[in-house]
Structure formats: C-alpha cells, structure tokens
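These protein sequences, in sequence, are chains A and B.
For the first sequence, the UniProt record's numbering gives the first residue as 1, with consecutive numbering after it.
For the second sequence, the UniProt record's numbering gives the first residue as 1, with consecutive numbering after it.
Don't take each hint at face value.
[Claimed, not checked] Some chain A residues judged to face chain B by a derived CB distance under 8 Å, without partners named: (1) Val-89; (2) Gly-109; (3) Ser-123; (4) Leu-145; (5) Ser-149; (6) Tyr-151.
Hints are computed from structural coordinates only; laboratory data are not their basis.
Virtual Cβ for every residue (Gly too), placed ideally from N, Cα, C.
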Amino acid sequence: MHFTINGQKYEADVDVRTSLLDLLREHLGLTGSKKGCDHGQCGACTVLVNGRRINSCLTLAVMHEDDEVTTIEGLGTPDKLHPLQAAFVKHDGFQCGYCTPGQICSAAGMLDEAKKGWPSHVSERLEGEVELTDAEISERMSGNLCRCSAYPNIVDAIREVAGEDA
Amino acid sequence: MTDTNSLTMDKPVEHSLLDNGAQHVIGKGLDRIDGPKKVTGTATYGAEFHPDNCAQGFLVRAPFACGKLTGIHSDAAKAMPGVIDVIVDTDRFARNPAQGGETEAPKQGVSKVAYFGEPLALVVAETFEQARDAAQAVTFDFVPEPGRYDFDKYRDQTDIPADGAAPAQHSQGDLEQAMRDAEVVIDEVWTTPSQNSAAMEPHVTVAHWDGDTLTVHGSYQMVAYQQQSLADALGLKREQVHMISPYVGGGFGSKLGISSECIAAAIAAKQTGRPVKVVMTRQNVFDATVRRSNTHQRIRLAADREGRLSGIGHDTITSNLDGEDFFEPAGLATHFLYGGENREVNHAIVRLNRVLSGSMRAPGEAAGMLALECAMDELAEKLGIDPIELRKRNDPDKDPEKGVPYSSRKLTQCLDEGATKFGWDKRNPKPAAVREGEWLIGIGMAAAARPNMVMPGQARVSLTPEGRAVVQTDMTDIGTGTYTILAQIAGELLGLPIDRVDVELGDSDNPPGPGSGGSWGAGSSGSTVYLACETLREKIAKAMGCDVGDLTLKDGQAIAANRSVELGSLVGDGLSAIGKIEPGETGENTNQAGYGAHFAEVAVNVTTGEVRLRRMLGVFAAGRILNEKTARSQCLGGMTFGIGAALTEELVHDGNNGKLVNRDLAEYHLPVNADVPQLEVMFLEERDPYANPLQAKGIGELGISGAGAAVANAIYNATGKRVRDYPLTLDKLLDALPAL
Numbered sequence: 001m002h003f004t005i006n007g008q009k010y011e012a013d014v015d016v017r018t019s020l021l022d023l024l025r026e027h028l029g030l031t032g033s034k035k036g037c038d039h040g041q042c043g044a045c046t047v048l049v050n051g052r053r054i055n056s057c058l059t060l061a062v063m064h065e066d067d068e069v070t071t072i073e074g075l076g077t078p079d080k081l082h083p084l085q086a087a088f089v090k091h092d093g094f095q096c097g098y099c100t101p102g103q104i105c106s107a108a109g110m111l112d113e114a115k116k117g118w119p120s121h122v123s124e125r126l127e128g129e130v131e132l133t134d135a136e137i138s139e140r141m142s143g144n145l146c147r148c149s150a151y152p153n154i155v156d157a158i159r160e161v162a163g164e165d166a
Numbered sequence: 001m002t003d004t005n006s007l008t009m010d011k012p013v014e015h016s017l018l019d020n021g022a023q024h025v026i027g028k029g030l031d032r033i034d035g036p037k038k039v040t041g042t043a044t045y046g047a048e049f050h051p052d053n054c055a056q057g058f059l060v061r062a063p064f065a066c067g068k069l070t071g072i073h074s075d076a077a078k079a080m081p082g083v084i085d086v087i088v089d090t091d092r093f094a095r096n097p098a099q100g101g102e103t104e105a106p107k108q109g110v111s112k113v114a115y116f117g118e119p120l121a122l123v124v125a126e127t128f129e130q131a132r133d134a135a136q137a138v139t140f141d142f143v144p145e146p147g148r149y150d151f152d153k154y155r156d157q158t159d160i161p162a163d164g165a166a167p168a169q170h171s172q173g174d175l176e177q178a179m180r181d182a183e184v185v186i187d188e189v190w191t192t193p194s195q196n197s198a199a200m201e202p203h204v205t206v207a208h209w210d211g212d213t214l215t216v217h218g219s220y221q222m223v224a225y226q227q228q229s230l231a232d233a234l235g236l237k238r239e240q241v242h243m244i245s246p247y248v249g250g251g252f253g254s255k256l257g258i259s260s261e262c263i264a265a266a267i268a269a270k271q272t273g274r275p276v277k278v279v280m281t282r283q284n285v286f287d288a289t290v291r292r293s294n295t296h297q298r299i300r301l302a303a304d305r306e307g308r309l310s311g312i313g314h315d316t317i318t319s320n321l322d323g324e325d326f327f328e329p330a331g332l333a334t335h336f337l338y339g340g341e342n343r344e345v346n347h348a349i350v351r352l353n354r355v356l357s358g359s360m361r362a363p364g365e366a367a368g369m370l371a372l373e374c375a376m377d378e379l380a381e382k383l384g385i386d387p388i389e390l391r392k393r394n395d396p397d398k399d400p401e402k403g404v405p406y407s408s409r410k411l412t413q414c415l416d417e418g419a420t421k422f423g424w425d426k427r428n429p430k431p432a433a434v435r436e437g438e439w440l441i442g443i444g445m446a447a448a449a450r451p452n453m454v455m456p457g458q459a460r461v462s463l464t465p466e467g468r469a470v471v472q473t474d475m476t477d478i479g480t481g482t483y484t485i486l487a488q489i490a491g492e493l494l495g496l497p498i499d500r501v502d503v504e505l506g507d508s509d510n511p512p513g514p515g516s517g518g519s520w521g522a523g524s525s526g527s528t529v530y531l532a533c534e535t536l537r538e539k540i541a542k543a544m545g546c547d548v549g550d551l552t553l554k555d556g557q558a559i560a561a562n563r564s565v566e567l568g569s570l571v572g573d574g575l576s577a578i579g580k581i582e583p584g585e586t587g588e589n590t591n592q593a594g595y596g597a598h599f600a601e602v603a604v605n606v607t608t609g610e611v612r613l614r615r616m617l618g619v620f621a622a623g624r625i626l627n628e629k630t631a632r633s634q635c636l637g638g639m640t641f642g643i644g645a646a647l648t649e650e651l652v653h654d655g656n657n658g659k660l661v662n663r664d665l666a667e668y669h670l671p672v673n674a675d676v677p678q679l680e681v682m683f684l685e686e687r688d689p690y691a692n693p694l695q696a697k698g699i700g701e702l703g704i705s706g707a708g709a710a711v712a713n714a715i716y717n718a719t720g721k722r723v724r725d726y727p728l729t730l731d732k733l734l735d736a737l738p739a740l
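The whole structure should be built from the sequences, with the hints applied where relevant.
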C-alpha cells in the first residue's frame, strides 16, 4: 500500500490488523507519535489526517491509502520548530514529553477547528466566531491526558499561539 | 586518571559555590535543554529502539486470581502465523515488580499465582499483531486456591512490617491518657483507595544479547539499581547487563523497580536468539505492575482550648501481597509536622491477593496528609480557631520525636504568604454559606511537608579542548528536568552557557547516579555534578597558576590576575573528574524536609454535587530552586495529583477476585485539562546547607503532599459535609445538598 505522510510517499505491506499508529511507529520508523493506551483514551497518538486530529491507535492503517497524514515530525524539527512546538518549550508545556507530540498535533487540529467556528461543550453559542478563552482551550484539549500535569502550561502555550494567529 | 571528589554529608555546606558563580544560570527559569527533542518527537523512549531482526513479545496473564498453575498449553499459539515461540519459565518470570531501590531480583516464580492478571508466559512473534492474537490462544490448567480479596473483611488480621521509609511503629508518651485529659479531641477514620501512577509511557523493555552480555533499552527510573536487580534475576554479574534509559515517559514510582516485561524480554531474547521488544499494554500496567495501596487511617488529635496539641495519633492499615515488606507510610509527615508530646504513629499490613503495592509519588504523605490535614481542619472548626492559626500554634521549634533541629523550615511563612496571596481573609468560615447561582462556593487550605533525602551517587564531568563540558551519569530524567538542571549546575560552576554543556543520562556504562525517586534526584545528582566541577575548577586554577578563590569562570573564559584565557586551551586533551556524594550525619542530626501551604477554591453544584476546582495556590519553601520553570512544573504536577486523589482517582478491586475493574485510562480517572484551572505556584527564598552542597531540597513530591486535603477542606467549607472516604465523588455529597 501507499501512504502519504508529512508530504512524503511511503510504501508498506500492511497487516489488516495494524493500526495507523503501529504503521508509523513499528513499520515506518516515525516514532514521534506515542502509544499510551492503544484504546483512544489518552491522546498520545494524535496525528492529523487530512488536516483533522485523530487518535491514530483507533484507526487501521489500511483505511488511509489516499489520505494525507501529518505527524509531529511533519510539523517541525529541533532546528526549525513549529510555533506550537516553540511555545510548548517556552511555557514548559510538558515534563516527561511522552504525551507531547499528541498534545501538539491535537492543538494544531484544535486551533483549526476553532477558526472554523466549531463550538465545544463550554461554548456560549453554537454559531459565530469562537473566542479561545482558557476554558475553551482546556475543554478542547481534554482528550489529551498529561500525567505530569502540564495542563496550565499547555493552555499558556496554546493561548499564545492562538493570539498570534488571530 | 580521573580524580574523584567525594563528600559525605556529615557537616553543613555553609558556602555553596553556586552563590559565587559568574555565569548566572542557576535558578533561572531556562527552557529545558531536551525540550526541542521532546516537542518534535525526536527524543527516543524505550520502545523506540528497534534493533535489526527485532521480534515482538506479548505477555500472557493469569485469567484467574489464586491457584497453582499446573499446565500451560501453547501448541495452538505456536502454530499461528508469525509466532516464533511461546516462552514459559515459571521459575524465573517475576511474580511482581521489584520495589524501589531494590538491587536484588523481584520475587520470582509464577507457578503459584498470587493475583489476577499475573504475567505467566510470553508469546514472541514477528509482529505485534501476531503476538497479540496468539496470546489469546494460550490456555492454562490450574487448581484454584482460596484467596484474600476484601480489605475490610481482613482489616483486623494484620502484620507489622519491617521499618521502611519511616519506622513502622512509633510510640511516645501516653496518647490514650492525653485523649482523656484533652479539652477537645478528634478521633476519626479516613480511607483512601488504591491508585495507579499511570505514567503516559507504558513499561517497556527491548532486550538483546551479544554473547553473554545483555543490553536492555527501556523505561527505568533508577538504572544503577535496576541493572543489578535484573542481573540478580538472571544470575548474571552486574557488568553483563547494559541498561539504557535516556528518556522516561513518566514514572511517579511505578518504574523504580524492574517489572515482569523486563525479565521476560531478556529470557525470550536469549531463547529465541533474537532481540525481543515487550511493551506492556495499558491494562497490563494497571493489572500487573504496582499500585499505591488503599489505606484505612485513624487520626487522633488531643488539644487544649487554645488549640495546642498534647497528643497526635496516626494509625494506618495498608495492603500488600504476601512476602512484600513495603507499606504505604502514611504517617511519614505526622512524625514531624506538628508538636504534641504524646504520639502514636503506626502502620500495619493486611495481606491481600491484589496487584503489588509500592511507591507512587510521595508514598506516605500523598495518602497520609489527606487524613491528617483534614483532621486539623476539623479540629480548627471545633475550637473555633482559624485553620492557619491552629497550624502556626503547633509549629514546633524542633523535631517532636527525635528532638533534633529542623535544617530549615518555613511552614509558617508559607501559610502567611499564601493566605495573603489567595485572599484567605475573604473566606467565610461558616460552611455552606456562600452560593453563586447553582454553585456552592468553598475555600480550604492544608499544609505541605515532605522529607528531604540524599542518595549515594556519582557523575563524571569532562572539559573538552573545544571548551565544552560533558556531564555523564546513569541518572534519569523522568520529566523532572534533570538534563537541564545538571547543565545549569555545570554551567554555573564552570562558567559556560548551558548550550555548551552536554548531558548524557540513563546509561549504565556511565557512573551510577541516585536515580529518580523520593524527590532526591536533583539534590543528590546535582551534588555529584557540583563536586566534579569543584575538582575541575581546582585543575583550571592550577593551569592558570592562580588560587582557585581568585578564579572567575564566565562565558567559556578563565579569568584571573587580569588574564582571560579560553577554557578549552587550559585542559590539554581534556580534563575529567568524578563527583561522589553519600548521605551522612546531617541526615541524622537534623530533620530535613520541604514545606508548603495549599489553598483551594471549589464550586459544588447544588443539584448534582459536581465539584469544580476554581483556583488553587501552592506556596513552597524547598531550599534553593535550581530552575524556577521546571520546579514550578513539578509543583503543578504534584498539585494535580492531589486534585485527582481528592476528586476522581480510585482503583476498584473486584471483591470476588481482587481483579481491577477499572484498568484503563477511560475508567481510571486522571485529571484532564478541563479539571485543572490555571494553578498558581509561589516559592519562598530559602537555602538549606544541611541538605547538600546545592542547599536545595526535593520538590517533586512536595506539591502533592497536602494538596488533596486543601480541596477536601474547601468542599467542606462549600457544603458543610465532611466526607472522609476518598475520592470525594459527587454521590457522596448529594445528601448534603439543599433540597430542590
């Protein structure tokens, strides 16, 4: 099968049981996406598929032949950080770092959702522009667990990037 | 030859070289040096080492709780596609993980199953999917045996463990008499449930052999100890095991000792002749690694009308497997936090067939202060004294049991600073008196305390002709910031910006460090770097022909007597020194601990009982803060563990077989982002010369100590209901809510 990941073409023989996450980690050497639970409960495996955030452990690799997959490796590199990556470093939005690639991919997807006006559980209105208050950011990032509990710093980092985008 | 600079902490280090540095990097909130790797996914964690020809292992676990294993049927599994072997070694597989700090093998042998989900065999296959599916095809013969699953049923059948982090039993004066004589008493029981560390990275080992030498990549908190423990389990010499753990995706105690996957992977790699990777599933981590024990805690307080304690009692019952000495030392802080001449601090264990209990962040205080600090709140209310004032009246001037002085103690200052910053004076002390719409509002506080320790350790620091420093030790960074603070210490003492300091961690080929546990990491490992740098400074001074006291090191230059020379040009082919620290008499003749105060404001829904934490402040005094950014993050993490303990975290054991009912991250409720507001952290200026040459005390566990009690006390203030059974879920509050 053929996959497009971070703009690059990959070819792989894939077991139908292989999750997108295991394809990335075990077959293609893209180990930036993390496995924390393998059940879609922790968010450490979050990647962007056609621009939308998804738990890559909850989807099978064979379902993604024509999709554009973006992983943490596709957002930036240590020498050329994505604004979210730089903000996470600046605000210490992580400690052990294991949930971090998922947090950052999730944040990238979330900012796009907010820009499109998608409401959340805490939104006052269902339509119109979304103002990314701390409560909105926290709510929209609650699918990504961080046991080190960098949550306040994650909110600081995302708020800063959201403000720059606005 | 590399010089070694050893220090045993027998005397205070009154003048720390960190105060004379010219680089001014110590203490600063610098970004983590490992940050760019972590945010780009290029930091490599255990499972991401993938040697050529690596096979995948999947643990097969007991589908029953207690019994004698009489047969393992693996033919069907072996016949499945891709399966290389099914590894059965009932003598050498680990029954349960090793406890923290253990250098011997964990309890081995799985033919007598002790708890549901105990790992019994390992399927090895070409791919993860093949191994996982084949594991379902392995079946067992067993003779069931009666087990002990229900804590309350066996609560009066306890044994007294050997002393651990704290003495198991301590008795002084006559508490019974003090309780009879007291004008006001508290005598209540609090219970806390089992909990799981739930580090985001599951336990993992990738094992491969080269002749008789075993290399394991994995997720380990205390490499030097776990290396020996693994060697012991396999009958190897320590030197035959090379253990590598450069990044650890969280530990919180759960990775202090090697666990089942480590021994199984090593055996499988030997038997199959291939590298073998075993990553635990999340269910595996819950079922078969380690939990914090549930506790049953009776607190007794005896006081006069002014609130002065004459007696304090803390009797804790915990649970563990047979043959395990570890007990949750819930009374750890009770030994020294408050005065009172009549004291009982006792611990006992109920033997249960449940997954091992062991260390989880702040073993002791994390559970114990949930009880003690709520008892103090109850006493304050009974006396009509402000809870902060009550604590200040019982702030002793020396250790009330050992009689030794405190090395440093700013409890009262933390309480006062916090009260001002949080607006404590605006709190209505009358419970259930403040309502905003459908929310009852409450404010609570609690003290924080956590002992400080030094653990033996070593580090090598080298200076290169290019003018860079290299720090090497098998110490780990489990998110605590070790990479960064070691670079800051070396940078400060050698006069280098931290981008000219390389830090290499988590490799057992490097000098053995103290490991990450018990909040001793920064102080102990940092001291080893300090000591190595002290020797290097003397060598540089010699090369400069000056007295070390006249030497200034800054921005890669050595400066003395109006001469400024590039550091790299003074080191020849390179200079190295090893720093070595040992605990000593200051640990005995002073009581060392960090202190703090937590303040929380909650809103409790009048209809549903849902609790929302609205704001929270932690004020801490923990000696020198080495990096204010990473130290703050440690406190945020600790406080959030406290929030979880107060509100949501609870492992539920099936009363019929001890099996965990909620063994995943959907059902075991860690705090999520929306549960945690923008917490505030404040540090008080402090130095502790008795602790170590850095004058720093541990901080990783101080933040959790007492945090949950502040939340619980706020819930009482909001609702008027004392819930003494953690976590304080909404069902326990319903009967206290106003009628609809």
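key: Supplied contact hint for Tyr-151 (chain A), tested at 8 Å Cβ to chain B   = 4 Å, holds
Chain B contact restraint on Leu-145 (chain A) - CB to CB distance below 8 Å = Because about 6 Å separates Leu-145 (chain A) from the closest Cβ in chain B, which is inside the 8 Å limit, the hint holds.
inquiry  = Min Cβ distance, Val-89 (chain A) to chain B: is it shorter than 8 Å?
reply    = Constraint on Val-89 (chain A) satisfied, holds at 4 Å.
key: Residue hint Ser-149 (chain A), partner chain B, criterion CB-CB below 8 Å   = 3 Å, holds
Gly-109 (chain A) as chain B interface residue, shortest Cβ-Cβ below 8 Å = 15 Å, violated
Restraint satisfaction for Ser-123 (chain A) [CB to CB of chain B, less than 8 Å] = Status violated, d = 13 Å.
Checked against the numbered hints given earlier, the structure breaks hints 2 and 3 and satisfies all the rest.
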